[in-house]
Amino acid sequence: ETGVTQSPTHLIKTRGQQVTLRCSSQSGHNTVSWYQQALGQGPQFIFQYYREEENGRGNFPPRFSGLQFPNYSSELNVNALELDDSALYLCASSLGGTGEAFFGQGTRLTVV
Amino acid sequence: DQQVKQNSPSLSVQEGRISILNCDYTNSMFDYFLWYKKYPAEGPTFLISISSIKDKNEDGRFTVFLNKSAKHLSLHIVPSQPGDSAVYFCAARLDSGNTGKLIFGQGTTLQVKP
Numbered sequence: 111e112t113g114v115t116q117s118p119t120h121l122i123k124t125r126g127q128q129v130t131l132r133c134s135s136q137s138g139h140n141t142v143s144w145y146q147q148a149l150g151q152g153p154q155f156i157f158q159y160y161r162e163e164e165n166g167r168g169n170f171p172p173r174f175s176g177l178q179f180p181n182y183s184s185e186l187n188v189n190a191l192e193l194d195d196s197a198l199y200l201c202a203s204s205l206g207g208t209g210e211a212f213f214g215q216g217t218r219l220t221v222v
Numbered sequence: 738d739q740q741v742k743q744n745s746p747s748l749s750v751q752e753g754r755i756s757i758l759n760c761d762y763t764n765s766m767f768d769y770f771l772w773y774k775k776y777p778a779e780g781p782t783f784l785i786s787i788s789s790i791k792d793k794n795e796d797g798r799f800t801v802f803l804n805k806s807a808k809h810l811s812l813h814i815v816p817s818q819p820g821d822s823a824v825y826f827c828a829a830r831l832d833s834g835n836t837g838k839l840i841f842g843q844g845t846t847l848q849v850k851p
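Chains as they are written, first to last, in this note's numbering: chain G, 111 to 222; chain S, 738 to 851.
In short, the hints are calculated from the structure, not lab data. There may be inaccurate statements among the hints.
[Stated by the list, open to error] Below, computed lysine to aspartate or glutamate pairings styled on DMTMM-like, alpha-carbon distance capped at 20 Å:
1. S/Lys774 <-> G/Asp194
2. S/Lys808 <-> S/Asp768
3. S/Lys805 <-> S/Asp768
4. S/Lys793 <-> G/Glu210
5. S/Lys791 <-> G/Glu164
So that you can see chain G by itself, here it is in the shape it has in the complex (with noise of 0.2 Å):
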């Protein structure tokens, strides 16, 4: 049984352009989820997929995209990228959208 995977660990982008972050949930996972954690605060929801389809998104502004594939892998796109946006990036997933999450190692984002 695989965890949670997420690529790339570490990536650093200059403001305005556009990151592409990517999950490869546990295996027989439907559900993925993506979190924002700034430095020294917990992480705050920013969307859930469950089969495809976004189901409950947090408080963030659309320039904050993402998609589920038929294999359950999820990416987490940001258009326009701001300095506020360096963060850790969590990816989580669950059996249905209330079962336990399982996160992965997350991705590192720092915006210059």
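Knowing the structure of chain G, use the given hints to seat chain S on it.
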């Protein structure tokens, strides 16, 4: 609007003693509360949870207590071990339809001294 708060940024205890981590919340609609442990360069790892209809859940050295009237929960670790040193996040689940959105506190860094 911080719905889940961990007011102690850090806690230091001696090995073998009890560690008590606290968490307060404001939303009475939360249906589950969870504790996660996080080591540097790793994602959060699930530790223990409690349903809003319970007041205590125990798993080995870890016990979570829920006081709904005070909107307060705590995690007790007995006995504390150096390997328990990590950042601990309290999280509350808001079940909206089939979306299990987790709302996290800011975290408490626990240091267990040998």
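Status of each hint after checking the structure:
Of the pairs offered as hints, the one joining S/Lys774 and G/Asp194 is violated, with about 25 Å between alpha carbons and a cut-off of 20 Å exceeded. Of the supplied pair hints, the one linking S/Lys808 and S/Asp768 holds, its CA atoms being roughly 12 Å apart against a limit of 20 Å. Note on S/Lys805 and S/Asp768: the hinted pairing holds, with a Cα-Cα distance of about 11 Å set against a maximum of 20 Å. Taking the CA atoms of S/Lys793 and G/Glu210, the gap is about 19 Å. The hint holds against a cut of 20 Å.
For the given pair, S/Lys791 sits about 31 Å from G/Glu164 by alpha-carbon distance, which is inconsistent with the 20 Å threshold.
Hints 1, 5, counting from the list given before, are not met by this structure.
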